[in-house]
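Student: Sequence:
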Amino acid sequence: MLVWLSLKLKYFGGIMLLLVSLLLVGCSDNLLPADIAQRYLELVRDSSFSQAYDLLSTDSQLKISRNEFVDRLNRAKLEASISRTEILKVNRDPVIVGQRASVTYQIEVTIYSGQKMPLFEALVLLQQEGGWRIVWPPQ
2 MLVWLSLKLK
12 YFGGIMLLLV
22 SLLLVGCSDN
32 LLPADIAQRY
42 LELVRDSSFS
52 QAYDLLSTDS
62 QLKISRNEFV
72 DRLNRAKLEA
82 SISRTEILKV
92 NRDPVIVGQR
102 ASVTYQIEVT
112 IYSGQKMPLF
122 EALVLLQQEG
132 GWRIVWPPQ
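Note that this note's numbering has the sequence shown beginning at 2, numbered continuously upward.
Calculated from the structure, these hints are not laboratory results.
Heads up, some of the hints might be wrong.
Each computed EDC-like pair below joins lysine to aspartate or glutamate, with the alpha-carbon atoms no more than 20 Å apart [claimed, not checked]:
no. : residue 1 : residue 2
1   : K64       : E130
2   : K117      : D47
3   : K117      : E80
4   : K117      : E69
5   : K78       : D36
6   : K117      : D72
7   : K78       : E109
8   : K78       : D47
9   : K90       : D47
10  : K90       : E43
11  : K78       : E130
12  : K90       : E130
13  : K90       : D36
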């Protein structure tokens, strides 16, 4: 009886894990432009450039390969002597025109000398079948 119950719980747990995974993947289509922008900025901040590449629009990915993208961002971070990046604000109310959105954000970059520089920028996103995606290079 105990073995049967244990097997039932494992089976039920596996089904629940699968359903939750499918739900999360399906929800990515419904994420707002600000959510995608926030995630992209977090990935870039954490030097997870390969994962950030997955958030680029299809056209952007046709313009640059994953390896080139990763190399370019690594090189830019080194050349700018960036030791730390803090995301201060991502605007939750983007400007949306048709299938394009512009999300403004504020970050603070610290370079190796300790100097801090605030930056105010915007990301342009494009709505595609898979949801909102980042247009790269930045415009």
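Student: Each hint: holds or not?
Tutor: Verification of the hints:
no., hint, in the structure
1, K64 to E130, "19 Å, holds"
2, K117 to D47, "18 Å, holds"
3, K117 to E80, "16 Å, holds"
4, K117 to E69, "28 Å, violated"
5, K78 to D36, "24 Å, violated"
6, K117 to D72, "24 Å, violated"
7, K78 to E109, "14 Å, holds"
8, K78 to D47, "11 Å, holds"
9, K90 to D47, "16 Å, holds"
10, K90 to E43, "12 Å, holds"
11, K78 to E130, "32 Å, violated"
12, K90 to E130, "27 Å, violated"
13, K90 to D36, "12 Å, holds"
Of the numbered hints listed earlier, those contradicted by the structure are 4, 5, 6, 11, 12.
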